[in-house]
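A.B. asks: Each chain, letter by letter, is given below.
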Amino acid sequence: MSVRHLVNIIGLLLVFVSIAMAATGLGASFYEDGAASALFASSGITLVVGLLAYSVTRFEGELTTREGYAIVTFAWTTVAVFGALPFLISGTLDSVVPAIFEAMSGFTTTGATVFADVEALPEGILLWRSVTHWLGGMGIIVLAIAILPYVGVGGMQLFRAEVPGPTPERLRPRIAQTAKLLWGVYVGLTGVQIVLYLLGGMSLFDAVNHAFATLATGGFSTKSASLAGFDSAYIHYVTIIFMYIAGVNFALHFRAATGRPEYFRNEEWRFFTMVIVGAGLFLMVSNLMAGTYEFTVAGVEGAFRHGLFQSVAITTTTGFVSADFEMWVPAAQGVLVTLMFVGGMAGSTGGGIKAVRVLVLLRHTASEIRKHLHPRAILMVRVGQRTVREDVLLNILGFVSLYVILVLFGGMLLTFFGMDILTAVGASAASVGNIGPGLGAVGATDNYGWISNPGLVVIVFLMLVGRLEIFTVLLLFHPDTWKRQRARGLSEARAARPRK
Amino acid sequence: MRLVIVVGGGEVGFHLAERLSEETQDVVLIDSSAARAEDVGNRLDIMTVVGNGASLSVLEEAGIRKAKMVLAVTSVDEVNLIVGLAARRLDVEYVAARISSPDYYHRGAVLSGEVLGINLMINPERECARETLELLRSEVATDVASFADGRVRMIGLKVREGARIAGKSLRTLAAELPEHHYATAAIQRGEQTILPRGDDTIEAGDQIYLLSPKDELDDIPQLTGYEPFKLQRVMIAGGSQEGLHIAELLEQTGVEATIIERDRARCLELAEALPKALVLNGDATDLELLEMEGVAGMDAFVASTGNDDTNLLTSLLAKTVGARKVVALIDDFSYLQLIPRLEIDASVSPRLSTVNAILRDVRGEGITSVATLKGIDAEAIEFVAAGGSKIVGKRLDGVHFPPGARLGILIRGEEIIVPQADTEVRAGDHAVAFALPTCIHDLEKLFG
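Chains A and B, in that order, give the protein sequences.
The letter at position 416 of the first sequence is residue 403 when you use this note's numbering, and the numbering goes up by one with no holes.
The letter at position 383 of the second sequence is residue 432 when you use this note's numbering, and the numbering goes up by one with no holes.
Keep in mind that the hints were calculated from the coordinates and are not lab data.
Be careful, since some hints might not be right.
Claimed, not checked - In silico lysine to any residue, SDA-like type, Cα no more than 20 Å apart, as pairs:
#	chain 1	residue 1	chain 2	residue 2
1	A	Lys358	B	Glu340
2	A	Lys358	B	Lys325
3	B	Lys325	A	Ala364
4	A	Lys358	B	Met341
5	B	Lys325	A	Val370
6	A	Lys358	B	Glu337
7	B	Lys325	A	His351
8	B	Lys368	B	Asn356
9	B	Lys217	B	Gln237
10	B	Lys325	A	Arg252
11	A	Lys358	B	Arg315
12	B	Lys325	A	Glu355
13	A	Lys358	B	Arg311
Only chain B is shown next, with the shape it has when bound in the complex:
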């Protein structure tokens, strides 16, 4: 049996281990703190080793000779780099390292991932910023994910009162909108998650997950009851590393950014790094400051102070005084459950986005892309149908799908297909499916 070794038992390491072990991988987690290792070991069905992950004896104790994959995700760049190098020397097939400092990943870094033979160098703050920006681009989205190299997007949103699609069944909608290729993958109504069939209806107030070709995204707001939206001014509360990256990305796309930071010294760093953005020295929860700087006129507001409580509070404040789209960075998984009940439009978990990015990269044979949805307990997964697999060459109504899974959209070359009962899957097709975690393996068998 080939092992997966996770070095670092922080939030990222914990959730990676959790997800991998749920998907029947054998996981060994290394952490330098005995208490933390024990805690993780008690909560997850994995083996833990206490020690410095950069030490060979510790790695050997964890079974690195039998490992197929090493994921170095401690909070220290240098440790992750050394673990990566050691793993490489011991011929581990796949190595990922979490690297935050631009000195190591920027263009011109002396030791790039390629030189070192590290398959994936991932910067959590950048991943988070990228995901946040995706969310900001559309007013409606509460979740976003890309599939098939960005040609298909998944978007989660809340259907508004009076929306054109409200109160209609999927079958009716398909007939009404023949030119569109939307697939409704999941509906969250109150506590209930529905993986819908043709007879199911969409109601106002539902949280829905749509798959859409990239070029048809623009019509979604209007169909779901929203005004057209163009992102021009964004206020970022909190000059954390994530906040800085978001502001940088906004500057690059020509969006006006205002960033508020409490610490004066940090403000100077921000002002140095951001030639165009306006840097303000003040408290993100200071309502007077927010109003004076025109939070009400902002197209979007991002709370990125690095503190979940402050982020929740300031997001709620911003929404109350009129910011149009409010996104909070929330790391605590128990808070994440809370978001859909609050007046906050969307949330990003910096750690979860890192976990997702790593999982996307490491998934086995058939799977190329995965998105974990925050509000509901399902995942969106991209498969490539292998020749000779069970799903190939049959009409879909003849395929036995696991009950907790739905096929969303098919990508065949340039063509994007919303599958019907009589659709046949061909070898090489990409398919985006929705599944509850327990069904993922059954799905893999269908495609593998």
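Looking at chain A on its own, in the form it has when it is part of the complex:
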């Protein structure tokens, strides 16, 4: 573990964050709400710290795998701390923990907020929240890899630690090119969504904020009522489509954009789509049967739209709300809670367990049952044409178990601070899955502002662990990570070599 590497890269990322803050400040200066100066001030502080960290250390040699994981975890933590500055300096929040909570919720694309009245916030702060989503969605480190060529060495270590899914795909031989292409698709889709929102009569400010939050599968809105605050079927459908797009593997979008669409050939995509559409229709029918929506043309359309919206919003872990689903029948809520665990596809901006892992788990379960009927059978778990290698299978099974344990453990910790069981487990599941709205007192129309500081700290941790897919963070708690590597002497020697 080389602290110099760590500090060096984190310093660099802070420079990034500072640029993002300054850009947000520029945007905010169109609104005379006083937030622009707070953003510029935060940008200044972040820049100074970042440059200092960057200049006193040097990045030499190569990154080891464990350094990669450590850097990603510490980087995310540091970025969230500095991302909290605008909230504090502008005075919208006056204590540190809720501010860090808000920033972490933004960067991890969770979308849980401590603000009860979002409309009362200055525009600059609202925009900053959306920018944190947008940076965190595709990954701030992936962005750094895309822009800075020198991170390319050992970049795969960082890339793997940040990009969701069991085995990240490369679109090009070089990791920096891959990162560039992914960000390119991301920026392009964001642009398209903004235009579509504008065509639907949304204000530019709302359009930008919601597009940032949608493509990142975040969930912050400029309205307390979230998307329910926009009484437009068109805007709801645009949001449904783009939440769905954000939940799909961006490598698939890239291939489609370059004329080789292979969505249908991808089994994870078929599964993901089937789950969303199936659950959406179930929600629609259950709501119609329960009388939540009337049997008129408008009622059926509403049931369809809100059913699909909530199915997509929860499965992709965006967490937007178009209707108060806590008023829906228990069966509908049961389905939504289950969807919280599915998550987006691997390689998307969505959180959760990820569709491919759920698919592998289901296949594995089926093959275990078959194995009981045929004890001598040699069975392979397949996804698409490919068989899942045994080590990958074990990793996935381990991940899913750990995920569930983490949700329960997090829920238990939250009950220590006086939360009721439903709220605690709901908040835990919504945080680990980076969804946002949970159950009970943190449900669709509620916020996290009432939770005590220790409770918020727990949730911050859960959000981070969820976004970085558990192992990346938990690795740091293993003593081996901090032991000297035997090969250290070698890498040290390599690092000491004069640079070409």
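Fit chain B to the supplied structure of chain A, relying on the hints for placement.
C.D. replies: Structure of chain B alone, referenced to chain A:
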């Protein structure tokens, strides 16, 4: 005199050489082992050359400049390919190569047979699997072969006790079944092979060879005393290359396949290659395993372990515990003679099916298709009657047929005709005939 050069003196090469030399072709066989070459030379009336068939000097010694045909059938794909290429360069008219690896014959292979100018690329394991599947499709068949692009099938089967056709003469049957176009080509009764005429009768227990239009095949089981049969579940004992190909073909046709293989590593390969079939790690002769996996309820059982002894044993086991149709892959020609006496419904010889496939492709002018029957010493051959040949334009009772040959069925355009005494053969008719090997040349003269 134009030569036929066979490269590779293994089972396939040996039997090719044997059959070709019996049919009065001049055969030179090349094998790298002197002992093997000598052995083959002693047993067959052919010339042998010792050496690497891929070497030009060896090919020249064998007389490749005078060869009309080169058949490369060593067990090594690459050698066969090189021999094929060399033969092509030396302007040999017809070149066949035995190729087992899918890398060379699959769609998308860099060097397909067409590109290389090789007339026939043949994969023995695939041929065998294809033949096995044909056998599996019908419960009754012990042999199957296709003629006239599959429009006419030959099927060998055992007539059961109480069958509708048992005890009747062919003449009576023709009168009883006017809507059918079956031709009984041969009857095997005990040791005796009969090429039947109208007065001959079919008895229960006879092994008969029928020619039938494809769309009338379905009525045969009922006429010969069998229940209707639909192939739904098949157990394959042994994950040899043949077994794998059979399972693949079954998967493609939607039949449930269970495949048993002893070697765990091979099981993993099989499971990787077969998304639907159930792969079991175990011994094909483990009766407990077979019963646990429901061998008794299987529509068919195929023994394809790659070992003749094991295949015989496990087939007998499967039949005893109730598998409906049991097919054994048997390569040893002396075992093949044994099959009709055992409780095994049918057998396929991987090598023989390759030999047949090559012979089918290489036969000269008039002949287009040949099937060698395992149980009896006769062949089914498809001829095309050439204009001006001896058989054309005469009533059949006026044609002098060789005593060891029978005309089975005539195909004239779309029409399928069971020939009678007054039938006239026209130029361009396809005819499927049965003949003992010694009579094939006389038959060829009739049609040529």
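A.B. asks: Look at each hint and say if it fits the structure.
C.D. replies: Structure-based check of all given hints:
no.	hint	result
1	A/Lys358 - B/Glu340	holds (17 Å)
2	A/Lys358 - B/Lys325	holds (14 Å)
3	B/Lys325 - A/Ala364	holds (12 Å)
4	A/Lys358 - B/Met341	holds (13 Å)
5	B/Lys325 - A/Val370	holds (13 Å)
6	A/Lys358 - B/Glu337	holds (17 Å)
7	B/Lys325 - A/His351	holds (15 Å)
8	B/Lys368 - B/Asn356	holds (18 Å)
9	B/Lys217 - B/Gln237	holds (16 Å)
10	B/Lys325 - A/Arg252	holds (18 Å)
11	A/Lys358 - B/Arg315	holds (18 Å)
12	B/Lys325 - A/Glu355	holds (15 Å)
13	A/Lys358 - B/Arg311	holds (17 Å)
Every hint, counting from the list given before, is met by this structure.
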